[in-house]
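A.B. asks: Sequence:
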Amino acid sequence: MNPSSITSRQVLSMFRYPFPVFKNPFAEAIQEITDNEWIDGEYLFIYKDDPGVREKYKKTKTAHIASQWFPTASFERLKPICRFMLWTLINDDMYEEVTPEELLVVHERSLAILRGNMNAAASQLPLGSLLATLRNELLQFIPEGSLLHFIEALNRYFKGLQQEISYKSKKAFPGIEECFIIREDSLCLYPFLELADIETNLFLPPEIHGHPVIQRIKALASRMMVCYNEVQSVIKDEATDSIYYNVVKAIQHNLNISLEDACLEGLRIHNEYLEEFITLQRSLPDFGSWHDAVVNRIHYISITLTGWKSVSAKLDRYNTLSGFPAAQAVKQAVH
Numbered sequence: 001m002n003p004s005s006i007t008s009r010q011v012l013s014m015f016r017y018p019f020p021v022f023k024n025p026f027a028e029a030i031q032e033i034t035d036n037e038w039i040d041g042e043y044l045f046i047y048k049d050d051p052g053v054r055e056k057y058k059k060t061k062t063a064h065i066a067s068q069w070f071p072t073a074s075f076e077r078l079k080p081i082c083r084f085m086l087w088t089l090i091n092d093d094m095y096e097e098v099t100p101e102e103l104l105v106v107h108e109r110s111l112a113i114l115r116g117n118m119n120a121a122a123s124q125l126p127l128g129s130l131l132a133t134l135r136n137e138l139l140q141f142i143p144e145g146s147l148l149h150f151i152e153a154l155n156r157y158f159k160g161l162q163q164e165i166s167y168k169s170k171k172a173f174p175g176i177e178e179c180f181i182i183r184e185d186s187l188c189l190y191p192f193l194e195l196a197d198i199e200t201n202l203f204l205p206p207e208i209h210g211h212p213v214i215q216r217i218k219a220l221a222s223r224m225m226v227c228y229n230e231v232q233s234v235i236k237d238e239a240t241d242s243i244y245y246n247v248v249k250a251i252q253h254n255l256n257i258s259l260e261d262a263c264l265e266g267l268r269i270h271n272e273y274l275e276e277f278i279t280l281q282r283s284l285p286d287f288g289s290w291h292d293a294v295v296n297r298i299h300y301i302s303i304t305l306t307g308w309k310s311v312s313a314k315l316d317r318y319n320t321l322s323g324f325p326a327a328q329a330v331k332q333a334v335h
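The opening residue of the sequence shown carries number 1 in full-length UniProt numbering; numbering runs sequentially from there.
Derived from the structure by calculation, the hints contain no laboratory data. Keep in mind that the hints are not guaranteed to be accurate.
Claimed, not checked - Taking lysine-lysine pairs in the DSS-like style, the calculated list, with each CA pair at most 25 Å apart, reads:
#, residue 1, residue 2
1, 48, 59
2, 236, 159
3, 79, 171
4, 23, 79
5, 170, 159
6, 59, 314
7, 159, 171
8, 236, 314
9, 23, 218
10, 79, 168
11, 79, 236
12, 23, 48
13, 58, 168
14, 314, 23
15, 48, 58
16, 59, 236
17, 58, 23
18, 171, 236
19, 218, 58
20, 59, 79
21, 58, 236
22, 79, 48
23, 58, 79
24, 170, 236
Unchecked claim - Distance windows between CB atoms, simulated:
#, residue 1, residue 2, range
25, 170, 105, 15 to 23 Å
26, 101, 261, 31 to 39 Å
27, 202, 256, 13 to 21 Å
28, 20, 175, 31 to 39 Å
Note that CB positions come from ideal geometry on N, CA and C, so glycine has one too.
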């Protein structure tokens, strides 16, 4: 195939993983809760006068996304994960157009709620009550230390989001590696990787949790998902002026190559990350009595990749220009 004739959609089909695909059997049951009890219930006030936006969030099937990443969680343990998945999408849309200073306020107050240092009403955040409920639900299943790991991962997400907004406001491209660093955090995979504690009910001690090999495996998973996501969303990002933090567009700009070649370069980088991931997975250092738990944890990390590819390929949000709420509707919800 002539590289100049390859489309981003064709490149997307070249992303492949040697990992299994699983799905939680409670996906549809919690999707019904998401649609009827959350979007049209607890959080109806956010888009009360815009049923079209609510319908778009329903069609995103957040419970199904979470169910691909947490296939063995019980109904009770999957529910807060699905609540958080809904938060990630609404939060992303709400604050995509704000200033870095405005986002910093949201950042600090969101983490304060999760730490138990601020109540939802005092935060004045539209999603404050969701975060307060999430904190209470998570603490039913994980210890305070695990919650702190989750909060720190969310801190990374907000910092990445702030950098995205900064580059977008400047209409400037970061370097390729800097773009990967930003998107590795802003993709918001890290908080979900920390929530594996809910599913496994096994809490890794600090020296295991913070081990460089485990941290590198998490980084590789996030970066691989970034590569796939950027190729998948590049046409949408071009249409919505979000090109400045799309890795594919950063590659195109920095290397001065065609979009098709930039997509292929993104695939090449992805495959390098995949090779390193597999090498690390197959040649882990000896973790002693925790070795089996580490092997299992890395298995759960690997299935986020196949799970994301499986579910996102079917969703309008990631494959059409009409799958996202309009910017004006989002601004009204924030203010």
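A.B. asks: Hey, residue 58 versus residue 236, does the alpha-carbon distance stay inside 25 Å?
C.D. replies: This hinted pair holds, its Cα atoms lying about 20 Å apart.
A.B. asks: Between residue 314 and residue 23, is the straight-line Cα distance small enough, at 25 Å or below?
C.D. replies: Holds: residue 314 and residue 23 sit about 15 Å apart, inside 25 Å.
A.B. asks: Does the structure keep residue 23 and residue 48 at a Cα separation of 25 Å or less?
C.D. replies: violated (32 Å)
A.B. asks: With a cut-off of 25 Å on the C-alpha distance, tell me whether residue 59 and residue 79 pass.
C.D. replies: holds (18 Å)
A.B. asks: Can the restraint linking residue 171 and residue 236 be considered satisfied, given a maximum Cα separation of 25 Å?
C.D. replies: holds (17 Å)
A.B. asks: Are residue 101 and residue 261 spaced within 31 to 39 Å by their CB atoms?
C.D. replies: Roughly 37 Å apart at Cβ, these two residues keep to the hinted range, so it holds.
A.B. asks: Holds or violated: residue 79 and residue 171, Cα atoms, limit 25 Å.
C.D. replies: violated (39 Å)
A.B. asks: Do the alpha carbons of residue 48 and residue 58 lie within 25 Å of each other, as the hint requires?
C.D. replies: Cα-Cα ~14 Å, so holds.
A.B. asks: Between residue 236 and residue 314, is the straight-line Cα distance small enough, at 25 Å or below?
C.D. replies: Holds: residue 236 and residue 314 sit about 16 Å apart, inside 25 Å.
A.B. asks: Are the Cα atoms of residue 58 and residue 79 separated by 25 Å or less?
C.D. replies: holds (16 Å)
A.B. asks: Is it true that the CA of residue 79 sits at most 25 Å from the CA of residue 236?
C.D. replies: violated (30 Å)
A.B. asks: Is the Cα-Cα distance between residue 170 and residue 159 25 Å or less?
C.D. replies: Holds - the C-alpha atoms of residue 159 and residue 170 are around 17 Å apart, at most 25 Å.
Violation of the numbered hints given earlier is confined to hints 3, 10, 11, 12, 13, 19, 27; the remaining hints are satisfied by the structure.
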